[in-house]
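Keeping their order, the protein sequence lines are chains P and S. Its first residue numbered 1, the first sequence is counted upward by one per residue in my numbering. Its first residue numbered 543, the second sequence is counted upward by one per residue in my numbering.
Because the hints were derived from the structure by calculation, they are not lab data. Don't take every hint at face value.
[Stated by the list, open to error] Covered, in the sense of this in silico footprint (three residues per stretch, anywhere, with C-beta under 8 Å from a C-beta of chain S), are these stretches of chain P:
1. 338-344
2. 368-381
3. 395-403
[To be verified] Take a look, some chain P residues computed to stay more than 12 Å from chain S by CB distance:
4. Gly125
5. Asp238
6. Gln288
7. Trp304
8. Arg358
9. Ala451
10. Gln479
11. Gln507
12. Val532
13. Ala534
Positions of the beta carbon are idealized from the N, C-alpha and C atoms, including for glycine.
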Amino acid sequence: MVFSGEQNPNRGQQLAMELAPVLQLEDLVVAYPGSADPTLDGLTLSLQRGERLALVGPSGCGKSTVARAVLGLLPEGSRSQGRLELMGSDPRRLRRGALNRLRGEAVGLVFQDPMTRLNPLITIGDHLRDTLSAHGAQAARAEELLQRVGIGPERMNSYPHQFSGGMRQRVAIALAMALQPPLVIADEPTTSLDVAVAGQVMAELTGLCQEAGSALLLITHDLAMAGRWCQRMAVMQDGRLLEEASASEVLLQPQQPLTQRLVAAARQREGGATPQAPATPVVLELHQLRCWHRLGGWPWQPQWLRSVDGISLRLHAGETLGIVGPSGCGKSTLCRALMGLNPVRGGEVMLQGRDLRRLQGQDLRQARQRLQMVFQDPLACLNPAMTVIDAVADPLLIHGLASPGQAREQARTVLASVGLDASLAQRLPRQLSGGQQQRVAIARALVLQPAVLLCDESVSMLDAEVQAEVLQLLRQLQQQLGVAILFVTHDLGVASGFCHRVVVLDQGRIVEEGPGDVMLQAPAAAITRELVEACPRLPQPK
Amino acid sequence: MASLWLQRFWTWRPRSLSARLARVGLWVLLFYVLIALISPVLFGIGLLPDVNTGLENEINAPPSLEHWCGTNRLGQDVCARTIAGAGVALKVVVLALTLALIVGVPLGMLSGYFGGPVDRALVLLMDTVYSLPVVLLAVVMAFLLGQGLLNAAAALCVVYVPQYFRVVRNQTASVKAELFVEAAQSLGAGPVWIMRKYLFRNVITSVPVVLTMNAADSVLMLGSLGFLGLGLPAVVPEWGAELKQALTALPTGIWWTALYPGVAMFILVLALSFIGEGLDAWVSGDEARP
Numbered sequence: 001m002v003f004s005g006e007q008n009p010n011r012g013q014q015l016a017m018e019l020a021p022v023l024q025l026e027d028l029v030v031a032y033p034g035s036a037d038p039t040l041d042g043l044t045l046s047l048q049r050g051e052r053l054a055l056v057g058p059s060g061c062g063k064s065t066v067a068r069a070v071l072g073l074l075p076e077g078s079r080s081q082g083r084l085e086l087m088g089s090d091p092r093r094l095r096r097g098a099l100n101r102l103r104g105e106a107v108g109l110v111f112q113d114p115m116t117r118l119n120p121l122i123t124i125g126d127h128l129r130d131t132l133s134a135h136g137a138q139a140a141r142a143e144e145l146l147q148r149v150g151i152g153p154e155r156m157n158s159y160p161h162q163f164s165g166g167m168r169q170r171v172a173i174a175l176a177m178a179l180q181p182p183l184v185i186a187d188e189p190t191t192s193l194d195v196a197v198a199g200q201v202m203a204e205l206t207g208l209c210q211e212a213g214s215a216l217l218l219i220t221h222d223l224a225m226a227g228r229w230c231q232r233m234a235v236m237q238d239g240r241l242l243e244e245a246s247a248s249e250v251l252l253q254p255q256q257p258l259t260q261r262l263v264a265a266a267r268q269r270e271g272g273a274t275p276q277a278p279a280t281p282v283v284l285e286l287h288q289l290r291c292w293h294r295l296g297g298w299p300w301q302p303q304w305l306r307s308v309d310g311i312s313l314r315l316h317a318g319e320t321l322g323i324v325g326p327s328g329c330g331k332s333t334l335c336r337a338l339m340g341l342n343p344v345r346g347g348e349v350m351l352q353g354r355d356l357r358r359l360q361g362q363d364l365r366q367a368r369q370r371l372q373m374v375f376q377d378p379l380a381c382l383n384p385a386m387t388v389i390d391a392v393a394d395p396l397l398i399h400g401l402a403s404p405g406q407a408r409e410q411a412r413t414v415l416a417s418v419g420l421d422a423s424l425a426q427r428l429p430r431q432l433s434g435g436q437q438q439r440v441a442i443a444r445a446l447v448l449q450p451a452v453l454l455c456d457e458s459v460s461m462l463d464a465e466v467q468a469e470v471l472q473l474l475r476q477l478q479q480q481l482g483v484a485i486l487f488v489t490h491d492l493g494v495a496s497g498f499c500h501r502v503v504v505l506d507q508g509r510i511v512e513e514g515p516g517d518v519m520l521q522a523p524a525a526a527i528t529r530e531l532v533e534a535c536p537r538l539p540q541p542k
Numbered sequence: 543m544a545s546l547w548l549q550r551f552w553t554w555r556p557r558s559l560s561a562r563l564a565r566v567g568l569w570v571l572l573f574y575v576l577i578a579l580i581s582p583v584l585f586g587i588g589l590l591p592d593v594n595t596g597l598e599n600e601i602n603a604p605p606s607l608e609h610w611c612g613t614n615r616l617g618q619d620v621c622a623r624t625i626a627g628a629g630v631a632l633k634v635v636v637l638a639l640t641l642a643l644i645v646g647v648p649l650g651m652l653s654g655y656f657g658g659p660v661d662r663a664l665v666l667l668m669d670t671v672y673s674l675p676v677v678l679l680a681v682v683m684a685f686l687l688g689q690g691l692l693n694a695a696a697a698l699c700v701v702y703v704p705q706y707f708r709v710v711r712n713q714t715a716s717v718k719a720e721l722f723v724e725a726a727q728s729l730g731a732g733p734v735w736i737m738r739k740y741l742f743r744n745v746i747t748s749v750p751v752v753l754t755m756n757a758a759d760s761v762l763m764l765g766s767l768g769f770l771g772l773g774l775p776a777v778v779p780e781w782g783a784e785l786k787q788a789l790t791a792l793p794t795g796i797w798w799t800a801l802y803p804g805v806a807m808f809i810l811v812l813a814l815s816f817i818g819e820g821l822d823a824w825v826s827g828d829e830a831r832p
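One chain only, chain S, in its complex shape:
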């Protein structure tokens, strides 16, 4: 089964532009995931220098054979920190979006299915949250929750819950008027049964698109938090925090500390956006099944 999918993906040669870009995006994402999985091993056996040791290194050293991407102003290896940053970013993003899904989707289904005053109150709350500037919201949440991997994920999750809520709630409200839901009621099915077996599969169709788009967005958001000094502790290598550190040295011609984390983040965001666009086009029927 799994090998069949892999084989189909390997031989998948789409014609439309959006699907071709999505294919590129998928390969890039796979590459990042591989790096995130392998890098702890490389750090463990000492193939890559530890991310936080820099006292014995020259500070702000340009790229050389010893330090491929140079060192930063604390003498830490930029290459190692950039590679470690991939794992951190993916971990936080996956955690944040999983949390947002776990909260947003069931809440949206309940709200859309039952309607009434609770639904109206929830819609009002979610729309209020949605209308706040996202960076401001994330900053406030991160500030309130303090630093840490889980806290950063929670801060991001609050930003994205309203999107899943809205998509799922509206879809539920329209699908519940379909005849098959009424037919299920007439069979004697209760609300939970109907939501689980009749609504769920029919209302989550557009969630994957929102999910990939949000993944791209949340990588940037995590970077913004790090850039502002919030979110993750300083010892965790995070691209946004790296950029902030690099900013002070940039005018003196030290470009390597900013370039590598910046490019790493840029490519990941681009890849996730390509996947999202491709999924969107596929769901709306522009491209035949892969």
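So that you can see chain P by itself, here it is in the shape it has in the complex:
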């Protein structure tokens, strides 16, 4: 390559350096220690100065490994072959000191979870000052940098835990951009943020990149976001580059079957026609439900956080009701209160004509069998030491509905009905893929034959294709079993295609109610408009 270790590169070399790509990968093969199959299998990719490239693909295709390989962060004992050039030098051949300089000055990295990147014991200001002075820059720039990402100088002495998720990600962006590196790698930077905040964070990130003239490598599974913020898009599969073109070209005329599937799944997420609601009896009725948390104050003048403040709704058998709202609107509190995990302060919960708040002991436990929940994170909600079949059979044993042998038999039937192979029954949850884990969680909720299923963001952690599969499964199970579903999500697009009716929550109250597709076209409430606008959309074919 052009760049050499000479002390005084002449004008021609400088010019060549400016024209040379920031990052160039050629036939890159990377294998983690202890695995026979390479994770990256001959990847060829190049990134020009100032260009914004999105790297997309299904989970497990090796997207994140690219970032690790470029930064020299692969674990000890990994194999790495092929050409890898970052600003004309190969990070794998650098000594430690040079590598550290390269990491800060040539590449900035933004992680998925900003809390893992920030030291909880160091203030935000010190984070920035440390980074700047470690690379010989002026520490005084710290304040200016924070202001650029919309954080006031008075927050310099705050600690990471005092910031919200979005603010933390902004700090992480300020850190990555502190030295104006020619390349910024963002690995799923907005996955842990809600839609509205995600849009703002991406706007700041791309704005800063443009100003500094940095190239951006955005690693994501969200095609709509990739299409909105990047010029070019590269689709990966099994560690290889499948397709690379301008973002609109990939989204409008996908060439490869995988890309077509991904785009179709992403389009499905944007919402479709709302299905007809069935005319059936009411199974769950909430009347003026209130959940307040005590924040402090005097005993005669307490202060309350009104998470759920007077919600009334009706759910019919075989119907799906979407509950949509931004984070902090009380939708999770509502779910937890219905499951008896949060105290309820007032109101009525009528399940199949019985008021759950008036029942006690054995009656309450029996009534609750008819109300089951599917959590957001399927791995965290399953006992890591319990096999799949035992996890699904356990609810039957808890309620004493079957002998251990019968329970396993029933669990096997339910596992088959959610489309899980019998060979997976003896596995532990962590040995399954994300989609399979969520199927186990659904099977466990269904084994008690509930009348109402609560899904709290149950598909938001899955990538678009798996998400579509799980939604399809839920719909099919609903038709077979006639179960009513309360579908909690922050994504109005998903809700509009899946739910018969949608309710929008804001600050613990219902602000809008109606069919989802109508709401997407003509949002009435301010918060609904915000949700609709913040959501990045795929370009529509002409």
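Following the hints, position chain S against chain P.
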């Protein structure tokens, strides 16, 4: 199943130092257990002389063909008493640690799961017991309980209960905040069910390490009690008591009465410590599964 494990153990050739030492420790422990199992038979058929008969023997006789490790000042055979001591030590240690587990683990789980004032009172009590010097505590307990195999085990058990309590309680308190416990609650599971099926397997992960470390420690502790004349009755051959008896004769050049019980105890403690260290390293992920 069992033969498969034996075969895997036989062919287990670990690379890291801690695992290699653990392998050595396991073999030594196996050897001690074998001796403890076989020696009653040997005593029974008369291959080894009875541990308490010494009147017809010469006292303080040096090692010879008749008495391989010599005799002590009562004329008893040192070899026989040392071998019999292995069985006694293992019996007391196993009993003491089983008792400590039976008391400490459920108490820790209950305390960690329910929290509140009872939890705080239990933590205070256990920390108080833990802060007392262990030898002093064992001596007082042994004195209060009197002599006997079960009493010695109980005296030792009191020393170790707080350790299991602390480990299990803290682990329970952190695991109960996990989502899967909440999910189980939402399924309708009661506290006992959750502790049995959801917490137990997840909170006892570090108990085996503490257990082996304590086993090494309790062999020494039993020896200390015997050395002070507490714990077991004088007729039971116990290494600590042997050492105490040997101490008075040591300045006159009679080394065999101290050496053999001392070495036996030393090697057992070393083996148990190796196993504990190896387990610790394995649990914290330094060595791949055997």
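Cross-check of the supplied hints:
1. Three residues within the 8 Å Cβ limit are the bar, and the segment 338-344 of chain P against chain S gives 3, so the coverage statement holds.
2. Residues of the segment 368-381 of chain P lying with their CB closer than 8 Å to a CB of chain S number 8, which satisfies the three-residue condition for coverage.
3. Restraint check on the segment 395-403 of chain P versus chain S: 3 residues with Cβ-Cβ distances below 8 Å, three needed, restraint holds.
4. Residue placement check: Gly125/P keeps its beta carbon more than 12 Å from all beta carbons of chain S (closest about 32 Å).
5. Under the 12 Å C-beta cut-off, the non-interface status given to Asp238/P relative to chain S holds; the minimum distance is some 27 Å.
6. At roughly 23 Å from the closest C-beta of chain S, the C-beta of Gln288/P stays outside 12 Å, upholding its exclusion from the interface.
7. Consistency note on Trp304/P: stated as away from chain S, and its beta-carbon is indeed over 12 Å from all of that chain's, at 23 Å minimum.
8. For Arg358/P, the non-interface assignment is confirmed: its Cβ lies about 18 Å from the closest Cβ of chain S, beyond the 12 Å cut-off.
9. At roughly 15 Å from the closest C-beta of chain S, the C-beta of Ala451/P stays outside 12 Å, upholding its exclusion from the interface.
10. Under the 12 Å C-beta cut-off, the non-interface status given to Gln479/P relative to chain S holds; the minimum distance is some 25 Å.
11. For Gln507/P, the condition that its CB be more than 12 Å from all CB atoms of chain S holds, with the nearest at approximately 25 Å.
12. For Val532/P, the requirement that its beta carbon stay farther than 12 Å from each beta carbon of chain S is met, with the minimum near 31 Å.
13. At roughly 28 Å, the least C-beta separation between Ala534/P and chain S is larger than 12 Å, which holds for a residue marked as non-interface.
In the structure shown, no violation is registered for any of the earlier numbered hints.
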